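Each chain, written out:
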Amino acid sequence: MPMSGFKTIRNVIVIAGTLAATGYWRLPVEQKFTEDLRERKVMQPQIEVGTWGEMGQTSLAGAVGGLRTVMASMLTLAAHSHFEENEWYDLEKDYEVITALEPYNEFYWDHGGWHLGYNAASWARHYEEYSPTRRRIEERHFLEKGDAFYRRGLKFIPESNRLWFEIGAMWSNEYKRPDLERAAEAFAMVRNSPNPVFRRRFLITIAKIPGREIEAYDEVMRLLGAGGRFHLMTPTFRCLLLVLSSNPDLRAGDLRAEVGQVYDDKDKAYQDLYNYRIRALKEGFYRGKLDEMLRELIVEIEVPDELNPFLNPRVRPIGAAKWREAYERRKAAEAAKEGPDWFLKKPEESEIEDETGS
Amino acid sequence: MSQNRSPSFVSPRRILIIAQSTVTQLVRMKVFYFLAPVAVLIVGLQYTDALSILYSGPETLAPQQELRMHKNICLGTMMVFGVMFAIVATALLIPRDIEDRTLYTILCKPVPRMDYLLGKLFGVIFVIFIAMAVMDALMVGTLHFRTEEKMAQATAYMTELGYPEEEVKAGRAEIASHGPTLILQYGVLAHFLKAAVMAAVALLISTFSTSTLFTIAISMMVWVIGAFQSIARDGLFNDAEYGEIPTTADRIVGAMVSVIFPDFQLFEAISDGAARAEEILQSDMMQLGGLAGLYLGIYVVLSWFVFRDKEF
Chain A
357 MPMSGFKTIR NVIVIAGTLA ATGYWRLPVE QKFTEDLRER KVMQPQIEVG TWGEMGQTSL
417 AGAVGGLRTV MASMLTLAAH SHFEENEWYD LEKDYEVITA LEPYNEFYWD HGGWHLGYNA
477 ASWARHYEEY SPTRRRIEER HFLEKGDAFY RRGLKFIPES NRLWFEIGAM WSNEYKRPDL
537 ERAAEAFAMV RNSPNPVFRR RFLITIAKIP GREIEAYDEV MRLLGAGGRF HLMTPTFRCL
597 LLVLSSNPDL RAGDLRAEVG QVYDDKDKAY QDLYNYRIRA LKEGFYRGKL DEMLRELIVE
657 IEVPDELNPF LNPRVRPIGA AKWREAYERR KAAEAAKEGP DWFLKKPEES EIEDETGS
Chain B
306 MSQNRSPSFV SPRRILIIAQ STVTQLVRMK VFYFLAPVAV LIVGLQYTDA LSILYSGPET
366 LAPQQELRMH KNICLGTMMV FGVMFAIVAT ALLIPRDIED RTLYTILCKP VPRMDYLLGK
426 LFGVIFVIFI AMAVMDALMV GTLHFRTEEK MAQATAYMTE LGYPEEEVKA GRAEIASHGP
486 TLILQYGVLA HFLKAAVMAA VALLISTFST STLFTIAISM MVWVIGAFQS IARDGLFNDA
546 EYGEIPTTAD RIVGAMVSVI FPDFQLFEAI SDGAARAEEI LQSDMMQLGG LAGLYLGIYV
606 VLSWFVFRDK EF
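So the sequences go chain by chain: A and B. So the first sequence is residues 357 to 714, counted in this note's numbering. So the second sequence is residues 306 to 617, counted in this note's numbering.
Any given hint could turn out to be false.
Claimed, not checked - Here are a few chain B residues that face chain A, going by a calculated C-beta distance under 8 Å: (1) 450; (2) 469; (3) 479; (4) 532; (5) 538; (6) 587; (7) 598.
As the list claims (entries may be wrong) - Where chain B lies over chain A, by a calculated footprint (3+ residues, C-beta under 8 Å): (8) 498-512; (9) 568-581; (10) 651-661.
Derived from the structure by calculation, the hints contain no laboratory data. Since this is a predicted model, take the numbers as computed values, not measurements. By construction, the Cβ of each residue, glycine as well, lies at the ideal position given by its N, Cα and C atoms.
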């Protein structure tokens with residue numbers, strides 16, 4: 357055997373032997389480190405076998421080259437173009453891959469679920485080439501897909517309040533196929549979220565479900581006890597506090613909030629309750645003794661007939677903060693020259709309650 | 306008598322001189338100037354908000370995600386640049402020295418081959434360090450301004466909605482955690498260590514390779530397989546996730562892959578975690594640094610073993 361051949365064989369043996377010996381020592385160390393990082397969610401889980409097949413060449417190359425997160429970001433561009441073209445199944449595949457690449461990113465689960473549960477479902481609902489029955493079936497199909505997508509995200513990020521909130525928001529959306537029980541089940545998971553909007557949504561949902569008024573009362577009192585000052589800034593919360601307290605089926609000893617305890621200004625109380633009544637009629641909120649409260653206030657603060665819902669039913673809420681002054685001003689102006697009724701105008705933006713959580 | 310004394314096995318001074326000449330050699334290579342502006346351009350692109358202009362998708366509406374995307378692209382650029390540079394530069398060095406006959410003038414002097422190899426490796430690693438430091442500075446600068454902008458927007462929005470002060474503070478802190486932090490620097494360091502290990506791998510391959518192309522191709526393969534190493538290793542320590550017990554053949558292949566190739570997923574994990582602003586501990590970095598040092602040590606010693614009696 358020539359010398360160079362001998363050297364090559366010797367080198368190969370030494371290299372293999374050294375790597376094997378050091379490898380034997382380092383493998384348990386690497387494995388322990390890997391498991392520790394996985395447990396702390398610093399390391400992403402392995403990509404599932406099924407997902408490899410769905411990945412395009414670019415994503416595959418990216419994932420192999422250690423660019424999982426970059427590829428996930430880039431794939432959202434492709435997903436966005438599928439969204440613009442209404443290619444829902446391609447979009448779903450995109451998000452399958454995106455979330456496989458970066459499963460601990462709540463944003464991707466949120467947006468994947470939103471695309472399926474909102475955009476795809478709305479598209480199906482209005483797609484003219486489908487028969488009405490198929491539209492309903494497809495819409496339901498995408499709603500369930502959206503729900504399932506959010507829930508898959510929760511397996512990776514069980515602490516995500518956002519995903520639970522989005523499930524609840526989807527099932528309580530009045531422009532979709534509301535299922536308030538399912539929404540309430542999801543919102544119940546964010547009852548203790550740091551976000552006050554998330555915390556309130558369970559209450560707001562069960563206040564619309566007949567038979568759960570006592571539970572809603574308990575919830576309103578719980579919220580009042582924990583950071584109630586911030587909740588009291590919200591008109592719906594103030595109204596629910598009053599209306600749920602007026603439930604005749606409340607237990608003996610339950611606290612019953614009065615208008616004077618919740619509001620310093622009875623004009624403001626009237627404005628809120630008036631607007632709440634419109635929402636209650638439209639969305640099915642519990643009404644309790646709402647009408648009695650309004651009637652009492654009408655007499656007490658001498659509400660003009662135009663703003664009395666029992667004499668002059670309106671569908672638009674009262675918009676101005678100081679409605680009476682605005683009303684008086686408008687009436688004075690009308691006396692001088694006739695004009696349209698002020699409260700039929702669009703309410704000011706600052707007066708529209710924000711409950712979207714955005 | 307002192308004139309006959311053989312040179313010490315490793316001399317820091319000699320290594321430094323060879324490393325300096327390697328840096329000069331690399332700086333003169335056009336490939337360096339080509340790669341640097343590309344990297345700078347991509348990182349700089351973030352500052353111009355070009356992605357937001359091209360793309361108005363949902364990511365542009367979520368501040369944390371926007372910052373995360375910024376970091377992902379910057380860190381990704383650093384990683385690709387670092388690894389590619391490590392492979393190509395190291396693969397070119399020994400053949401270039403042979404071609405220029407510099408190698409003969411060095412090795413005919415009392416310079417141990419270990420010093421030569423270490424000098425070459427440290428030269429490459431130093432150039433990668435400088436390039437990464439520049440890219441890092443660019444990333445931190447652009448990220449800082451973007452984070453400040455997002456925090457100001459979030460504060461204005463939350464204040465307008467009447468959020469209590471503590472909620473506003475929490476919101477700001479959440480956005481700030483995606484800005485330029487120490488954890489982000491851990492991510493950059495992880496990429497640097499990975500590039501250094503790749504340079505050592507390329508050095509080992511170049512000691513027995515007959516062509517530059519072969520060295521680059523094999524090094525690339527090691528890079529790719531290194532990304533899968535943990536899958537092979539998982540099979541040795543755990544049963545498969547889907548209930549299938551690995552066969553003996555699977556275990557043998559898994560063991561071979563695991564012992565031969567370095568685990569690059571650990572480096573990626575730290576970098577990914579840094580981009581997601583996960584809690585990365587100092588002890589994690591110590592472990593990662595220790596592993597990188599171990600890999601470097603093994604590959605350098607093996608390179609020396611192959612190179613020590615190589616005839617030119």
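Do the hints match the structure? See the list:
1. 450: 20 Å, violated
2. 469: 6 Å, holds
3. 479: Since chain A brings no Cβ nearer than about 10 Å to residue 479 of chain B, farther than 8 Å, the hint is violated.
4. 532: 5 Å, holds
5. 538: 6 Å, holds
6. 587: The hint is violated - residue 587 of chain B has no Cβ within 8 Å of chain A, the shortest such distance being about 13 Å.
7. 598: 11 Å, violated
8. 498-512: Answer violated; 0 residues pass the 8 Å Cβ test.
9. 568-581: n = 0 at 8 Å, threshold three: violated.
10. 651-661: It is violated: at least three residues are needed, and the segment 651-661 of chain A offers just 0 whose Cβ sits closer than 8 Å to chain B.
The structure is inconsistent with the numbered hints 1, 3, 6, 7, 8, 9, 10, although it conforms to all the rest.
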